[in-house]
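Q: Line by line, the protein sequences are chains L and C.
Just so we're aligned: 74 in the numbering used here is position 58 of the first sequence, and the numbers increase by one with no gaps anywhere.
Just so we're aligned: 359 in the numbering used here is position 278 of the second sequence, and the numbers increase by one with no gaps anywhere.
If you are wondering where the hints come from, they were derived from the structure by calculation, not from laboratory data.
Model, not experiment: these values are computed from the prediction.
Fair warning: there could be bad hints in the mix.
What follows is a set of in silico ranges between Cβ atoms, one per label pair, in the way DEER data are often shown [what the hints assert, rightly or not]: (1) C/L678 with L/K43: 30 to 36 Å; (2) C/A648 with L/E92: 50 to 56 Å; (3) C/E644 with L/N113: 42 to 48 Å; (4) L/I51 with C/G692: 21 to 27 Å.
Which chain L residues stay away from chain C? Per the calculated CB distances, all over 10 Å, these [what the hints assert, rightly or not]: (5) L41; (6) F84; (7) R105; (8) N113; (9) T117.
Don't be surprised by glycine CBs; every beta carbon is placed ideally from N, CA and C.
Each chain is listed here by its residues.
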Amino acid sequence: MSAVPAQGYLILALILFCIGLFGALTKRNTIIVLISIELMLNAVNLNLVAFSKYGIHPNITGQVFSLFSITIAAAEAAVGIAILLALYRNRRSVQINEMDTLKH
Amino acid sequence: MISFAWLIPLFPLISFMVLILSGKKLKNASGYLAILLTGISFLLTIGVLLDLRTITEFEVIWPWLTVGEIEFQAGALINPLNGLMLFVVSFVSLLIHIYSLGYMGEDDRKSSYFAYLSLFTFAMLGLVMSPNLLQFYMFWELVGLGSFLLIGFYLYKESAKKAARKAFIMTRIGDAGLLIGLILLFWQTKTLSFLEIFQAIEQQKLAPGMITLIAILLFIGAVGKSGQFPLHTWLPDAMEGPTPVSALIHAATMVAAGVYLVAATYPLFLASEWALIIVSVIGAFTAIFAATIGLVQDDLKRVLAYSTVSQLGYMMLALGAGGYVAGVFHLTTHAFFKALLFLAAGSVIFALKNQHIKQIAGSGKHLAVTKWTFLIGTLAISGFPLLSGSFSKEAIFAALLEDGQYGLLAVALFTAFLTSVYMFRLYFLVFHGKGEDKPERTVPLCMNGPMVILAVFAVIAGFFGSQLADWLAGGQGSFAVLHHSPTWLIFLATLVSLGGIVLAYYIYLRKQINQEEWKETFSSTYTILYNKYFIDEFYENTILYSTRAISYLIFYIEKYVVETAMAFVSGTIKAIGTRGSRLQTGQVQTYGTVALLGLAAIVLFFVVKGGYM
Chain L
17 MSAVPAQGYL ILALILFCIG LFGALTKRNT IIVLISIELM LNAVNLNLVA FSKYGIHPNI
77 TGQVFSLFSI TIAAAEAAVG IAILLALYRN RRSVQINEMD TLKH
Chain C
82 MISFAWLIPL FPLISFMVLI LSGKKLKNAS GYLAILLTGI SFLLTIGVLL DLRTITEFEV
142 IWPWLTVGEI EFQAGALINP LNGLMLFVVS FVSLLIHIYS LGYMGEDDRK SSYFAYLSLF
202 TFAMLGLVMS PNLLQFYMFW ELVGLGSFLL IGFYLYKESA KKAARKAFIM TRIGDAGLLI
262 GLILLFWQTK TLSFLEIFQA IEQQKLAPGM ITLIAILLFI GAVGKSGQFP LHTWLPDAME
322 GPTPVSALIH AATMVAAGVY LVAATYPLFL ASEWALIIVS VIGAFTAIFA ATIGLVQDDL
382 KRVLAYSTVS QLGYMMLALG AGGYVAGVFH LTTHAFFKAL LFLAAGSVIF ALKNQHIKQI
442 AGSGKHLAVT KWTFLIGTLA ISGFPLLSGS FSKEAIFAAL LEDGQYGLLA VALFTAFLTS
502 VYMFRLYFLV FHGKGEDKPE RTVPLCMNGP MVILAVFAVI AGFFGSQLAD WLAGGQGSFA
562 VLHHSPTWLI FLATLVSLGG IVLAYYIYLR KQINQEEWKE TFSSTYTILY NKYFIDEFYE
622 NTILYSTRAI SYLIFYIEKY VVETAMAFVS GTIKAIGTRG SRLQTGQVQT YGTVALLGLA
682 AIVLFFVVKG GYM
């Protein structure tokens with residue numbers, strides 16, 4: 017099972033990250049944007065795990081760190097969705113291009 | 082008593098402060114308060130005068146401001162000239178305060194009136210006891226302010242407001258000259274104290290040319306204040322103010338400030354032959370020039386105003402010809418009889434509510450006291466023998482004769498003739514004739530009283546000529562000499578004065594000489610005189626016109642050039658701002674994209690350059 021080299025994980029992580037970034041920057045639905053952000057986080061987790069196995073000094077720290085990251089991502093997703101719900105109640109919309117109050 | 086002399090101006094100042102702060106509450110009491118405090122000043126002045134018999138000069142000074150090594154001082158200087166001026170000012174001022182009680186009795190803004198009157202009295206008293214030219218200049222300006230406020234007292238009259246502005250600006254032209262003179266004097270002598278300046282002149286510290294220049298500049302200030310040609314036009318217009326004000330300010334005291342300035346700095350003028358010649362020539366020209374205008378004016382107060390201008394010219398003429406005592410003497414007698422004439426004119430206006438002499442047409446004869454006091458004043462100013470005016474005028478003629486100014490003497494004699502003609506024209510037209518209008522009100526005692534007192538002074542003041550000369554000589558040194566005229570000159574002066582009276586009698590009372598015929602024969606001359614030589618129009622069309630042209634030019638430059646440039650600058654910045662604000666869309670995704678592109682650019686830059694540098 018050691019046939020997959022480190023580059024494979026890294027390229028997969030890169031692709032995932034780019035898809036996530038593209039989604040976060042272009043999608044008009046806020047839920048999709050949140051999902052894309054999750055995707056980017058997971059790409060980072062994949063990187064952490066890959067380096068923890070194939071890095072210059074392989075150790076367990078990377079995997080522990082990715083566990084923390086997943087936990088925080090869950091909390092963040094919960095808060096994000098909660099904000100989104102509040103927003104939806106106020107505005108009856110989840111379209112991100114309508115949320116331009118930063119301008120004012 | 083003399084050591085308290087500096088208190089004299091303070092009482093009118095207190096009166097001014099109290100009246101301006103709480104005059105509305107005091108109402109009728111305001112007049113009495115002002116009279117009381119001015120009266121205290123007058124009593125103090127009498128006390129100072131009594132002391133002056135033994136002490137010839139008294140100076141009290143305090144340091145006021147120290148700049149580097151130079152110390153400016155404030156204080157009081159009492160010498161015979163200042164003492165005399167103090168007496169004239171406080172005495173006439175007190176009488177006019179009393180007179181105003183009747184004249185302004187029904188005015189709503191009586192308390193402001195008395196406040197301004199007190200301010201003026203304070204300033205004038207301060208002026209005549211200044212020990213140095215700096216303090217003198219400050220009071221000089223305060224006097225101008227008092228005059229401005231009082232000329233424009235009838236706020237609702239457009240003409241009064243205009244006259245007040247005109248007076249302020251015209252005298253300011255003179256003041257500019259005075260200020261430049263002061264600065265030059267200070268630059269040359271490092272002091273502004275009268276006594277130290279005289280010492281510097283005595284020690285010949287100043288170049289003769291510089292003395293002439295300074296003297297002429299000081300004289301320009303006097304020209305503005307004393308209504309001499311060519312800055313005389315404000316004085317007749319100043320008659321828009323209440324009549325007691327005309328009597329106090331524009332006849333007896335403030336306009337005499339210019340003459341006083343020349344008298345107070347007389348050693349400076351004596352040191353320069355040219356300055357004296359200019360003073361006497363301007364004086365003589367003003368005297369005859371104003372007298373001719375006075376011949377044809379129809380407004381009671383305007384005739385008196387031109388007569389004032391003319392008499393002030395006399396004083397300047399006397400000073401310029403070396404007649405120091407004669408000039409000061411005429412100033413004193415003039416203060417009494419001209420104040421008297423104005424107060425009597427005020428009574429006529431008060432009772433008849435009319436000041437056009439041809440419309441009055443003799444109605445003044447119903448006012449007995451006014452008629453007789455006005456007659457005394459008229460006789461005095463015309464130089465009728467044994468009244469005050471004849472003595473002081475003779476002194477002026479004698480000074481001119483002594484100085485060898487025969488041309489100016491002829492002018493002065495002819496002016497004396499004109500003076501009696503126009504003054505008796507005024508008298509006959511106002512107090513003799515049909516007299517159909519009955520007075521609307523009777524003149525109260527508080528108005529008649531001051532007139533009678535002034536009439537007494539107008540009669541007797543002339544007898545003190547030689548005493549005055551001795552008195553002034555005590556403090557002022559060698560130039561205070563009263564010139565005595567030879568018998569033929571006294572005879573000639575009397576003849577000229579009586580000739581004028583007789584001529585006026587035949588024209589205006591007996592009407593044996595038809596004035597209308599004259600008017601037609603010399604119609605162009607009449608028009609010129611009636612319109613005061615078109616001096617106002619001349620100023621309007623030259624100085625005012627060019628000033629307005631320049632103002633309009635600058636106005637349009639401001640409006641079009643400056644404001645366009647401003648609009649361009651602010652417009653550019655606004656445009657940049659508008660463009661910039663469009664970048665702020667509030668779209669998080671756009672911001673994210675831009676951040677990403679920026680990051681990519683930095684990374685690319687590092688890759689290409691291979692590091693920070």
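Q: If a hint holds in the structure, say so; if it doesn't, say that too.
A: Checked hints:
Range check, C/L678 to L/K43: Cβ separation about 18 Å, and the 30 to 36 Å hint is violated. Between C/A648 and L/E92 the CB atoms are about 52 Å apart, so this pair conforms to the stated range of 50 to 56 Å. Taking the beta carbon of each, C/E644 and L/N113 are about 43 Å apart, inside 42 to 48 Å as hinted. Checked against the hint of 21 to 27 Å, the C-beta distance between L/I51 and C/G692 comes to roughly 38 Å, which is inconsistent with it.
At roughly 5 Å from the closest C-beta of chain C, the C-beta of L/L41 falls inside 10 Å, breaking its exclusion from the interface. For L/F84, the condition that its CB be more than 10 Å from all CB atoms of chain C holds, with the nearest at approximately 25 Å. Separation of L/R105 from chain C is adequate, the least Cβ-Cβ distance of about 20 Å exceeding the 10 Å criterion. At the 10 Å boundary, the C-beta of L/N113 falls inside the reach of chain C, the nearest C-beta of that chain being 6 Å off.
At roughly 6 Å, the least C-beta separation between L/T117 and chain C is not larger than 10 Å, which violates its mark as non-interface.
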